[in-house]
Amino acid sequence: MNICVVGSGYVGLVTGACLADFGMTVVGVDKDRSKVEALTRGKVPIYEPGLETLVEKNMKEGRLRFTTELGPAIEEARAVFIAVGTPPRSDGSADLTFIKEVAESIGDHLNDFKIIVTKSTVPVGTGKMIEQIVQERTGGKQRFAVVSNPEFLREGSAIEDFMNPDRVVIGTRDVKASELMLDVYSPLVAADVPFIITDIESAELIKYASNGFLATKISFINEVAEICEAWGANVEVVAKGMGLDNRIGPKFLAAGPGYGGSCFPKDTRAIAQIFREQGLSFRIIEAVLQANDHVQARMLGKVEAALAALPGGLAGKTVGVLGLSFKPNTDD
Numbered sequence: 001m002n003i004c005v006v007g008s009g010y011v012g013l014v015t016g017a018c019l020a021d022f023g024m025t026v027v028g029v030d031k032d033r034s035k036v037e038a039l040t041r042g043k044v045p046i047y048e049p050g051l052e053t054l055v056e057k058n059m060k061e062g063r064l065r066f067t068t069e070l071g072p073a074i075e076e077a078r079a080v081f082i083a084v085g086t087p088p089r090s091d092g093s094a095d096l097t098f099i100k101e102v103a104e105s106i107g108d109h110l111n112d113f114k115i116i117v118t119k120s121t122v123p124v125g126t127g128k129m130i131e132q133i134v135q136e137r138t139g140g141k142q143r144f145a146v147v148s149n150p151e152f153l154r155e156g157s158a159i160e161d162f163m164n165p166d167r168v169v170i171g172t173r174d175v176k177a178s179e180l181m182l183d184v185y186s187p188l189v190a191a192d193v194p195f196i197i198t199d200i201e202s203a204e205l206i207k208y209a210s211n212g213f214l215a216t217k218i219s220f221i222n223e224v225a226e227i228c229e230a231w232g233a234n235v236e237v238v239a240k241g242m243g244l245d246n247r248i249g250p251k252f253l254a255a256g257p258g259y260g261g262s263c264f265p266k267d268t269r270a271i272a273q274i275f276r277e278q279g280l281s282f283r284i285i286e287a288v289l290q291a292n293d294h295v296q297a298r299m300l301g302k303v304e305a306a307l308a309a310l311p312g313g314l315a316g317k318t319v320g321v322l323g324l325s326f327k328p329n330t331d332d
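In this text, residue positions in the sequence shown follow the numbering used here: the first is 1, and each later residue adds one.
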């Protein structure tokens, strides 16, 4: 199957390379000419273990190429995956400018039935918006189907997460679209990976709800760490005792300076704003946002106090910072 992946950032590159490795013929599209030229030379602009090797392999075998020309790539494809950025606005909501631009281009170049697949993390209602934009651009003269297929990639293990996922979520109202998506993911179907086939809105919410829950778990153990410190208890032992309960599990129970990276801060603020826009309050996530700000301020205060306690104070001292990425095996 011919696939067009719009956006050659983190999600787009991993998606394109892995789908090519599944046997699909993939064209990665990006408007950044220098990025496309670098990718064409086999140079991946981000650090992700195994990604450069996978890109190089599938380019050599003729299943993966890159271009700046969106129109022809759309026309040749049966499935168009949207993997462009959705940066946060000042109120926390996702900026869908790039999504809208891609939807307009798809509408302008729709020449036969295609599935339009959203990989980007987007608020509920985005699929319906894409559908409306494409309908308007085509005048209702072309058939297509919109699919929500959220990614659950962890930086540092993205290839493994794509190839061996906990689940694959497919949101669509179109039977043909769901069948085509199962064809795209046929190696995962054969491996008995769980598939959730649902409506678009539920699929869109699954991603935000998942990240919101994981951020909550991190904030919970950080709050527990504070009372452990007050009483002289060991938060690592407390976390281990909690994590051995199979209803809780050990992951995301490491106390630290709060959650960070490119997803959790953005997605927790976004889902809180989604609730506000419906006149609702996601009270747990609002508390998580406050708790994360608190633990970061508290950690910074500890560092400042430790530095101030140095002989002669901080003046003239050189401070070393060991590790700048938010987690191992990533350049983020």
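Please note that a few of the clues may not be correct.
[To be verified] With a Cα cut of at most 27 angstroms, we get these calculated DSSO-like pairs of lysine-lysine:
1) Lys217 with Lys302
2) Lys327 with Lys302
3) Lys327 with Lys217
4) Lys302 with Lys317
[Said to hold, decoys possible] Beta-carbon label-pair distances, calculated as ranges:
5) Ser34 with Ala190: 32 to 42 angstroms
6) Arg143 with Pro257: 45 to 55 angstroms
7) Lys317 with Gly256: 20 to 30 angstroms
8) Asp293 with Pro87: 48 to 58 angstroms
9) Pro49 with Asn2: 24 to 34 angstroms
10) Ile227 with Asp108: 53 to 63 angstroms
11) Asp32 with Leu307: 17 to 27 angstroms
12) Asp293 with Thr40: 27 to 37 angstroms
13) Thr97 with Asp245: 42 to 52 angstroms
14) Arg143 with Pro194: 26 to 36 angstroms
No lab work stands behind these hints, which were simulated from the structure alone.
Source: prediction; values computed, not measured.
Every residue, glycine too, gets a C-beta built ideally from N, C-alpha and C.
For each hint, the structure was consulted:
no.	hint	in the structure
1	Lys217 with Lys302	holds (23 angstroms)
2	Lys327 with Lys302	holds (21 angstroms)
3	Lys327 with Lys217	holds (17 angstroms)
4	Lys302 with Lys317	holds (17 angstroms)
5	Ser34 with Ala190: 32 to 42 angstroms	holds (39 angstroms)
6	Arg143 with Pro257: 45 to 55 angstroms	holds (51 angstroms)
7	Lys317 with Gly256: 20 to 30 angstroms	holds (25 angstroms)
8	Asp293 with Pro87: 48 to 58 angstroms	violated (20 angstroms)
9	Pro49 with Asn2: 24 to 34 angstroms	holds (28 angstroms)
10	Ile227 with Asp108: 53 to 63 angstroms	holds (58 angstroms)
11	Asp32 with Leu307: 17 to 27 angstroms	violated (40 angstroms)
12	Asp293 with Thr40: 27 to 37 angstroms	violated (43 angstroms)
13	Thr97 with Asp245: 42 to 52 angstroms	holds (44 angstroms)
14	Arg143 with Pro194: 26 to 36 angstroms	holds (30 angstroms)
Checked against the numbered hints listed earlier, the structure breaks hints 8, 11 and 12; every other hint is satisfied.
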